[in-house]
Each structure stands twice: as C-alpha cells, then as structure tokens.
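Protein chains: 2
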Amino acid sequence: MLTIIEAVTAWQAVRKSTIFMDNTIGLVPTMGNLHAGHQSLLQRAKQENDITVLTIFVNPTQFNDPADLANYPKTFANDIQIAEANKIDYVFAPCYQDMYPDQYHYKISESELSKKLCGQYRAGHFDGVLTIVLKLLQLVKAHNAYFGEKDYQQLQLVKGLTEAFFIDTKIIACPTVRDENGLALSSRNNLLSNEQLALARHFPALLGSKLTIVEIIKQLTALNFSVEYVEEHFDRRFGAVKLGNVRLIDNFRL
Amino acid sequence: MLTIIEAVTAWQAVRKSTIFMDNTIGLVPTMGNLHAGHQSLLQRAKQENDITVLTIFVNPTQFNDPADLANYPKTFANDIQIAEANKIDYVFAPCYQDMYPDQYHYKISESELSKKLCGQYRAGHFDGVLTIVLKLLQLVKAHNAYFGEKDYQQLQLVKGLTEAFFIDTKIIACPTVRDENGLALSSRNNLLSNEQLALARHFPALLGSKLTIVEIIKQLTALNFSVEYVEEHFDRRFGAVKLGNVRLIDNFRL
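The listed protein sequences correspond, in order, to chains A and H.
According to our numbering, numbering within the first sequence proceeds without interruption in unit steps and concludes at 430.
According to our numbering, numbering within the second sequence proceeds without interruption in unit steps and concludes at 430.
Any given hint could turn out to be false.
What the hints assert, rightly or not - Partial list, derived from the structure: chain A residues whose beta carbon lies under 8 Å from chain H: (1) LEU310; (2) GLN314; (3) GLY336; (4) GLU339; (5) ALA340; (6) ILE343; (7) GLY420; (8) VAL422.
Since the hints were made in silico from the structure, they are not lab data.
All values derive from a computational prediction rather than experimental measurement.
Cβ atoms here follow ideal geometry from the backbone N, Cα and C, with glycine treated the same way.
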C-alpha cells in the first residue's frame, strides 16, 4: 500500500514510528516526471531494502535558468500511478516552504569538482543539488540512496558530500537507462519536438564513439547541436549540448 | 571513567555500540583550553543527559587569521584533567585529516546573519564554524548540544543550521560565565598581558552600561581599545574590540 506524505512534520512522525524500526530503507530522490530510468532506481531500491521511499520535489534552488524551472514537466498524478505500479511504500512530496524553512540562507557548496563540466555552465546548480540532497538525507535517514549515472558529476558530488559530513546513507550508482535509439532517458526529453528527438540520437552515438573530442564537437555542431562541452575525466567522456532550449547531458566510460 | 578517542573510525565504532543504546547524549563541542565557561557547559550537559561527550578540536577552517590559529592556546593534558574532574564520559579529539577527508572542499555557508557583526571582520569564519559543527553533529548524534551565549551570533547560526538541515540535536544556549571583574571567560584571555587584562574589564562594563553606542565607542577608544563594532540586534548589544592582537567579543541583553 502506497502512503503519500506531503508535510515534513508528517514525514518526521512516520519516520520515528515503529514501522521503520529494524527495517532497511531505500531512498530514491527525484524531481518527478518519472520515466523508465527512475523505475530502474525504484526497482533496485526495492530489491535491496525493506522499505522504499520515493521523494518528489522539483527543487528550485538547483535551476540556474528560471525558464527551465517553469518548463520542467510536472506530472504528479502519473508519478503516483508509477509509484503504485512499482509497489513503492512511501512517496514523500514536500513543498518549498517545508524544505527551505531557512529560505535557502544556508547552503552547501563544493569547490573543486562542482566547478568543472556542468558547473561551468550552470552557476549555483550544484549548490542547490547538494543542499537539497543533504536535507533529504537528513529527513529520510535511509540505509541506501539511489542515483543514476546519467548525472555522473552529481553522483560523484553526492558521494563526496556523504563522506565529508559522515552521513550514514550509502550512495548507490545505477546505470543509465536509454531509449531504443540510445538516448539517455531524461525528463527534459519530453520537451523535444519530434524533429529534435530524431536528431538527439546522434548525441550519444557520437559521444560514445571512438572519434576524437575535436571531431565529436565538429560533427555535433554540423548537426545543429549547440555544444557546451565534450571533455574527458576519470576515464569517462562527458558531454552537454543544447537542442533549441533543451539541454541534454550524457557520459560514457572510455 | 573517561574514555579518550582520537580516530573518527574509533569514535564511529563506539557510537554504534550498545553503550549508547537507550541513553541520551549531551555534546559539548570545544576547541580545548577549557575554562570555567566550558565547565558550566559540561555540568549542564551532565545534568541533562546520560552520557556526556566533550569534543576538542582546534578547527583551522574557522581561523581567518593564521597568527590567531598559531597562537591559540593548546593545553590538551590539562583539558583531560578537567574532563576527568567533571566526570565526563568521552573526550573525542580528532585530527584535521579525519575531520576533513574532503580537504574542506565541501562547506556550509549562511547568507544573512553570518554577514553581520563578526562576519564583517572575519571573512569565512562562520563557514568554518558551521561546517565543523555539522560534521561533529553528524558524528556524535547527540540529543542535546551545548553552546555558550558569549558567542551569541555563532549560537544563533548553529540553531538555524539544525533547522535548515533537519538535524535532531537540540541546541541549548548557556549563559556567559564571567570572571570577578565581569570579563567574559574566553581562551583568548590567556593571551592578554596583565596590563591588558586590567584594562579588559572596561569592555563588559561599558558594553553593558546604559550609555549610547556612540559614547561606548568613544570611551573604549579613549581607553586604547581598537573597536571593531558596537551594534544592537535582537534586543541585544554586541561588541568586538581588540587589545593589541587579542580580539574580545561580548554581548548583553538590553
């Protein structure tokens, strides 16, 4: 039976109750608009824990672009159906006021990795991510929390966060889920026109190819992608591009 | 029986042990060089909790001035004697590497209160305070943590930190302890010459007087104090001065 909780105080009361005693807890933090990528995280969490908690919170502080926040797909009713179909135990979907009683006066920042890759193009994005993740980790007190490798930089930063602040939750990396054309699933894919969607498949194809970085950027640009970066770090190749207003990221192990 | 623990991993193992089960824990975080002000915190923690944990860590990231860090009094053997005399259960005294596995790449900052009062004169000080306090709160998982009102701005910022990040530890404010001349006890008082110490008593006497701010600053300056600020906020009057290289702060309820 799925229980949906919105108020932080209600969640805290449930979390302290005997239901959670002696059970392992798996957390899947999301911004909603659930797709098969999220479902793979939910299934993994269910396999490895007694109780699975899905959080849905479109976190404004991680959107550097107000238009991106305004356009971000919000599909709560459908998300709840997916949670039920996946036999999730709890959906925790708080409001901004509850999550930011401090009005975002307190923030976490990271000074090295967060400045590279997407950090060069999205000022303040990772501050918002790290801040909301710490809040959720403190509230849910999960044994395990599941993050997708599509957002690899975020995953590494969250791992570092739990180490720096001695947080007991284990961060579990889950493989990127792709559509039949190889495009990494993302809520922002819903914002692509059919034409853009047909074009988008070239992004993972080129990024995951044996071509040089220079050649990849050249071919993406020729296809009308606006390339933010293609770079290699930690034995991986990372890329970020825009098709119109829609920003896509991906990464492949080398 | 006092147990002294230095390694973070050793502390984590003890904290998970059955000794702590069903017991309330009181935390007194300090930078050592314990005086009667600290002892009042320790006694309060002992009264209100089953187990009292004293942490001793001279936190480099909160020293904006390297000379201040170098000069900060370090009296570990004496501190242990005081802990024993006060029948404290645990002293946790970690090293920098253990507390900052991230090399301080991750930090907490606050954007409003931390910019006022001492924040105007000590760049990065409160970032360092908030970051180390969060680390200690995460490691100790105390029911109550005790802070002195002498560092009133710090106390308010730490309270805000626990609210912003949903930390279960309750922050307990304890009254400032003063010497026979009214001077607020502080480890930095040990750095004053006899002549400066005799002069120092005028600081609380003037700050806590009915005089206007302008008059207080005038008289302190005439006495050879270098005044950083005298300001009123939250129905309190706050002051920071220097005598030579030694910085003193204090505050009084209006």
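Each hint tested on the structure:
The criterion of a C-beta within 8 Å of any C-beta in chain H is met by A/LEU310, whose closest approach is roughly 6 Å, and the hint holds. A least Cβ separation of about 4 Å between A/GLN314 and chain H falls short of the 8 Å threshold, and the interface hint therefore holds. Taken as an interface hint, A/GLY336 checks out: its beta carbon lies about 6 Å from the nearest beta carbon of chain H, inside 8 Å. Hint on A/GLU339 holds. Least Cβ distance to chain H is approximately 6 Å, under the 8 Å limit.
The closest approach between the C-beta of A/ALA340 and any C-beta of chain H is roughly 4 Å, which is under the 8 Å cut-off, so the hint is satisfied. A distance limit of 8 Å between C-beta atoms decides the matter here; for A/ILE343 the minimum to chain H is near 6 Å, and the interface restraint holds. The interface hint given for A/GLY420 is violated, since its Cβ lies 34 Å from the closest Cβ of chain H, which is over the 8 Å cut-off. Taken as an interface hint, A/VAL422 does not check out: its beta carbon lies about 31 Å from the nearest beta carbon of chain H, beyond 8 Å.
This entry does not satisfy hints 7, 8, going by the numbered hints stated previously.
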